Amino acid sequence: MGSITTWMAAIGTLGLLSFAWKDNKFYSICEHIYVASGAAHALVLGVKNIKANAIIPLAEGKLLAIIPIVLGLMFYARFIPGQMRWTRYPIAATVGIGFGQSLPRLASTNFVSQIRATFKVWSFNSVLVIVGIICVILFFYFSASKRGQRFLQYPSRFGRIIMMMAFGALFGNTVMGRLSLMIGRLSFLFRDWLGIVG
Amino acid sequence: MRFAQAITLVFALILLMQFFLEVPAIETAGGHLTSWNIVIAAFAMGLAAFNLIRIHLKRVQLKRGNWISSAILLIVLVVQTFVGLYFGDNSAQYKVFFDGIISPLGATMYAMLAFWIASAAFRAFKARTLDATILLCVGIIVMLGNAPIGEIIWSQFPALRSWLMTVPAMAAVRALYIGAAIGGIAVGVRVLLGIERGHLGGGE
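Residue numbers (this note's numbering), protein chains in the order written: chain A, 1 to 198; chain B, 1 to 204.
FYI, nobody ran anything at the bench for these hints, they're computed from the structure. Possibly wrong hints are sitting among the right ones.
[Unchecked claim] Sample of chain A residues facing chain B (criterion: CB under 8 Å; computed from the structure): (1) 5; (2) 96; (3) 120.
Treat the numbers as computed from the prediction; the structure is a model and nothing was measured. Using N, Cα and C, we set each Cβ at its ideal position, and we do this for glycine too.
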């Protein structure tokens with residue numbers, strides 16, 4: 001029976017878990033509190049980021065810091081009738097910066113590094129991984145018809161089986177991850193809140 | 001539209017050049033753009049919060065549907081934002097919201113998914129075809145390999161689980177990563193060249 005934080009967490013946890021029985025008012029209130037808290041947290045961090053990256057540099061005389069403020073404010077033009085077009089510019093800026101930052105990393109970590117890591121060690125398992133990768137990629141090869149072409153059909157079929165094994169494995173891992181979270185929540189309720197379990 | 005496209009192209013090119021070239025001017029420009037993006041994203045987050053407030057305020061004003069929950073949402077949103085801005089996000093006062101609401105309720109939300117995943121799996125994973133049977137069997141083996149009971153049933157379950165994760169699962173995930181990278185690069189190039197204009201509200 002701990003502090004106010006423990007009580008808040010316990011009541012909220014019970015409220016959300018009550019949905020397993022059926023949709024009810026208690027669940028709805030806890031859900032809304034969670035959404036509000038998440039939004040408030042994002043808002044607080046947002047203001048902190050604006051202050052650190054725009055307001056303080058502007059106060060120090062770095063006039064370029066006005067540009068992101070103007071671009072950011074353009075988002076709110078959607079609330080002025082007939083001025084929706086201004087929202088294009090911050091979106092264009094975000095997309096440009098996002099692609100500029102992610103494209104090289106996408107190419108290096110998701111493409112080059114993956115291929116490099118595949119051919120690093122040579123063993124029976126690594127050969128299986130290489131064959132698996134080629135077959136899965138062949139499964140997504142749609143430039144030519146696979147019908148009647150055995151050299152495309154069989155590897156593609158094997159790729160499908162490999163993917164099913166992977167999805168099964170990922171599903172099993174996800175379920176176990178969620179269950180461990182559930183055990184964590186129950187242990188919080190029974191140990192930290194009620195003090196029943198030692 | 002053309003000016004917006006030019007913004008996308010110029011900003012992306014500056015950051016692409018920053019990755020490949022070591023030119024001080026480009027590095028400074030890239031640094032500016034990175035911090036600008038944080039500011040623009042913060043404004044976008046504010047827009048989302050503003051929309052949330054608008055929708056729930058309307059619901060409370062009209063006393064429509066589940067308006068009591070909406071009123072509570074607005075109160076929590078205002079109080080937490082005020083505490084966060086006044087005392088700071090590292091303060092003990094703000095920590096109450098984080099430790100009492102965000103962290104435990106987030107974990108509970110994810111934990112609840114265990115039920116829905118299990119019930120969805122029960123309906124979907126019927127071993128009708130070879131693919132579904134493989135998926136079902138591998139899923140069960142991985143679950144048993146993760147749980148202590150699996151080792152009691154058969155001592156090799158953890159080793160089998162480990163092999164499934166490091167060989168077939170890794171092969172498929174790597175292939176999907178490679179495919180996603182190729183797709184991502186293709187979309188990126190299309191956006192930079194102005195072929196893809198969906199994000200600006202226009203068709204191709």
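Each hint, compared with the structure:
1. 5: Hint holds; residue 5(A) Cβ to chain B Cβ min 4 Å, cut 8 Å.
2. 96: OK, holds: residue 96(A) within 8 Å of chain B, min 3 Å.
3. 120: 12 Å, violated
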